[in-house]
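*Asks:* Start from the sequences and build out the full structure, keeping to the hints where you can.
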Amino acid sequence: MPERRDVLLRARGVSRRFGGLTAVSDVSLDLAEGEIHAVIGTNGAGKSTLINVLAGEIAITSGSVELLGADVTTWSQPKRARAGLGRSYQRTTIFPRFTVFENCRMTAQARWPVPWNWWTAAGNCPMSNAAAAEALEKTGLAGLESRIAGALSHGEKRQLEIAMCLATHPKVLLLDEPLAGMGPEETERMLGLLAGLKAGRAVLLVEHDMDAVFRVSDRITVMVNGSVIASGAPPAVRADPEVQTAYLGEVHVD
Amino acid sequence: MSARARLAAPLVVTAAFAAFPLLVTGFYLEFTTKVMILAIFALSLELLVGATGLVSLGHAAYFGIAAYATLLLSPQYTAANFFWLLPATMVCAAIYALAVGALSLRTKGVYFIMVTLAFAQMAYYVFHDTPLGGGTDGIYLNVKPAVAIAGWTIVDLGNPRTYYYVVFGCLVLVFAFLAILLESRFGRALAGIKSNEQRMRAAGFPTFWYKLAAFTLAGALAGLSGFLVAVKDGFVNPEMLSWHESGAVLLMLILGGMGRLSGAVLGAFAFALLQLFFQWEVVFGNFAQHWQLLLGGTIIASVAFMPQGLIGLPAQLRAWRSRRAARARDA
Numbered sequence: 003m004p005e006r007r008d009v010l011l012r013a014r015g016v017s018r019r020f021g022g023l024t025a026v027s028d029v030s031l032d033l034a035e036g037e038i039h040a041v042i043g044t045n046g047a048g049k050s051t052l053i054n055v056l057a058g059e060i061a062i063t064s065g066s067v068e069l070l071g072a073d074v075t076t077w078s079q080p081k082r083a084r085a086g087l088g089r090s091y092q093r094t095t096i097f098p099r100f101t102v103f104e105n106c107r108m109t110a111q112a113r114w115p116v117p118w119n120w121w122t123a124a125g126n127c128p129m130s131n132a133a134a135a136e137a138l139e140k141t142g143l144a145g146l147e148s149r150i151a152g153a154l155s156h157g158e159k160r161q162l163e164i165a166m167c168l169a170t171h172p173k174v175l176l177l178d179e180p181l182a183g184m185g186p187e188e189t190e191r192m193l194g195l196l197a198g199l200k201a202g203r204a205v206l207l208v209e210h211d212m213d214a215v216f217r218v219s220d221r222i223t224v225m226v227n228g229s230v231i232a233s234g235a236p237p238a239v240r241a242d243p244e245v246q247t248a249y250l251g252e253v254h255v256d
Numbered sequence: 132m133s134a135r136a137r138l139a140a141p142l143v144v145t146a147a148f149a150a151f152p153l154l155v156t157g158f159y160l161e162f163t164t165k166v167m168i169l170a171i172f173a174l175s176l177e178l179l180v181g182a183t184g185l186v187s188l189g190h191a192a193y194f195g196i197a198a199y200a201t202l203l204l205s206p207q208y209t210a211a212n213f214f215w216l217l218p219a220t221m222v223c224a225a226i227y228a229l230a231v232g233a234l235s236l237r238t239k240g241v242y243f244i245m246v247t248l249a250f251a252q253m254a255y256y257v258f259h260d261t262p263l264g265g266g267t268d269g270i271y272l273n274v275k276p277a278v279a280i281a282g283w284t285i286v287d288l289g290n291p292r293t294y295y296y297v298v299f300g301c302l303v304l305v306f307a308f309l310a311i312l313l314e315s316r317f318g319r320a321l322a323g324i325k326s327n328e329q330r331m332r333a334a335g336f337p338t339f340w341y342k343l344a345a346f347t348l349a350g351a352l353a354g355l356s357g358f359l360v361a362v363k364d365g366f367v368n369p370e371m372l373s374w375h376e377s378g379a380v381l382l383m384l385i386l387g388g389m390g391r392l393s394g395a396v397l398g399a400f401a402f403a404l405l406q407l408f409f410q411w412e413v414v415f416g417n418f419a420q421h422w423q424l425l426l427g428g429t430i431i432a433s434v435a436f437m438p439q440g441l442i443g444l445p446a447q448l449r450a451w452r453s454r455r456a457a458r459a460r461d462a
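So the sequence lines, in the order shown, correspond to chains U and A.
If you read the first sequence in my numbering, its first letter stands for residue 3, the second for the next number, and so on.
If you read the second sequence in my numbering, its first letter stands for residue 132, the second for the next number, and so on.
I should point out that these hints are in silico values taken from the structure, not numbers from a laboratory.
There may be inaccurate statements among the hints.
As the list claims (entries may be wrong) - Footprint (simulated), chain U over chain A, 3 or more residues, beta carbon under 8 angstroms: (1) 320-328; (2) 332-339.
Stated by the list, open to error - Computed spacing ranges between beta-carbons, pair by pair: (3) A:Ile431 <-> U:Glu190: 37 to 45 angstroms; (4) A:Gly289 <-> U:Thr76: 54 to 62 angstroms; (5) A:Trp374 <-> U:Gly15: 46 to 54 angstroms; (6) U:Ala61 <-> A:Ala307: 38 to 46 angstroms; (7) U:Ala85 <-> A:Gly289: 56 to 64 angstroms; (8) U:Pro98 <-> A:Trp374: 30 to 38 angstroms; (9) A:Val413 <-> U:Pro98: 42 to 50 angstroms.
In this text, a Cβ means the ideal position worked out from N, Cα and C, and glycines have one as well.
*Replies:* Written out as structure tokens, the structure is:
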């Protein structure tokens, strides 16, 4: 077993109950620097709830979350975000009336100290301008800075969603179905983008497109009914008989 | 609009307002003063509704509380000093806004509307039903505050023309302050919250505190307009805090167009002028006493035909013309 790299996010025994329903049950996982860690499972397996709990968007019922060595279990979502946790949403959360560049600059500004300075125009903040430009460069949106975000194509909007995360300089990225609704060409572009995201970061990827998941992931965790049934390198997960019956379908013997 | 026109329009409007008292006196001077105060009030609500996306239906509370504070804090037989009275009344309004905001900003949408309304009604009944505010009759200001430094009076607020310029100065300052504020990082964060609060939280903005700051600031600015109206009229009554007043200022924003500061100012003038027009017996005869019916109908029509308000009308007409031209080309 090769030495694991630095673990940036560590979840232990994470559970979330909604009344009588246990959406996430005793999930433990490590997100390591330089790795894309995919979480797969059927609809309702608890993947999105897991992301919401890790991001601090919904409260944890039991368990603990550690981010860059700090116990963040009780931290609010904005506080976790400022500590280096970025997330994207299944439904795009861009600011449709603003330009592409402003979209990124607005999120980038969260990284700088509380702006009680009300007399300096936001555009004069060189740090957030640089962060926004860099994020757009990395996501392949350079050149579209002055376009109105609401007028972008679906694929570009998804790219912008990720650029807005990157602009806040996250160390851990939680991506909720970044490929949802994309055509083959857009999917290819996004996969190239995803592969480039893991350098210096830990990435959690929730995705339904199995071909894509097996192509880009370094580690895969499979969830069924809120629990983890398998976790490991892609070939091992693909070969796991329990996974095959539960999720990938019956084994076909040719 | 060319860059020169964009710069020229505000200058022309400002110059016209500055020259106005040189041309008229009496009713129209006083009317314009009153409407400029309403414009400040509308601007303060625009910070919430247009800039942050928070629809408050209790904004008259801060307006009224500051107006009452102006009278209650003034000594009975001597003039209060303007330079402490004005900040003190704005602080009173801001404190109530801070308390209401802290409790109501945990709710969203229609619940937020109802909670802000409930808190405003609470304040209304405090002044309506307790001896503090003189009940339904209200209270009178005996001596207007003195704008004086070390005993030397700078201007006399009792002079209508002087007061016009004081109010005009306040309007210009509030407008400029908000214009700068909305372009700052704080203002951009409010715009982000209006557009998508979920994303702003995910990016790391503690959005509650931003909204609370905006809410408190809006309360303080509404307080400024309350102070100005109390000094102008020398009289306050509980109706200043009533939900009609909260509704009227919201209608000004709707009429003028939300999302732009000039829309709030335009809305205040349009609202007041329409009200004046529909009360005109020469035109409407006995029906003038039903002016509210006509005003309401006009506002409904304006919402239906000018969804972006008066300020959005030129853009709406341009879009309509280009669509018609495109149709003509295709045919």
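*Asks:* For each hint, tell me whether it holds in the structure or not.
*Replies:* Comparing the hints with the structure gives:
1. 320-328: holds (count 5)
2. 332-339: holds (count 7)
3. A:Ile431 <-> U:Glu190: 37 to 45 angstroms: 52 angstroms, violated
4. A:Gly289 <-> U:Thr76: 54 to 62 angstroms: Given about 59 angstroms between the Cβ atoms, the range holds.
5. A:Trp374 <-> U:Gly15: 46 to 54 angstroms: Between tryptophan 374 of chain A and glycine 15 of chain U, where Cβ atoms are some 51 angstroms apart, the hint holds.
6. U:Ala61 <-> A:Ala307: 38 to 46 angstroms: 43 angstroms, holds
7. U:Ala85 <-> A:Gly289: 56 to 64 angstroms: Hint holds: Cβ distance 58 angstroms, inside 56 to 64 angstroms.
8. U:Pro98 <-> A:Trp374: 30 to 38 angstroms: Once the Cβ atoms are compared, 33 angstroms apart, the range 30 to 38 angstroms for tryptophan 374 of chain A and proline 98 of chain U holds.
9. A:Val413 <-> U:Pro98: 42 to 50 angstroms: At 49 angstroms between Cβs, range holds.
When the structure is compared with the earlier hints, a violation turns up for hint 3 alone.
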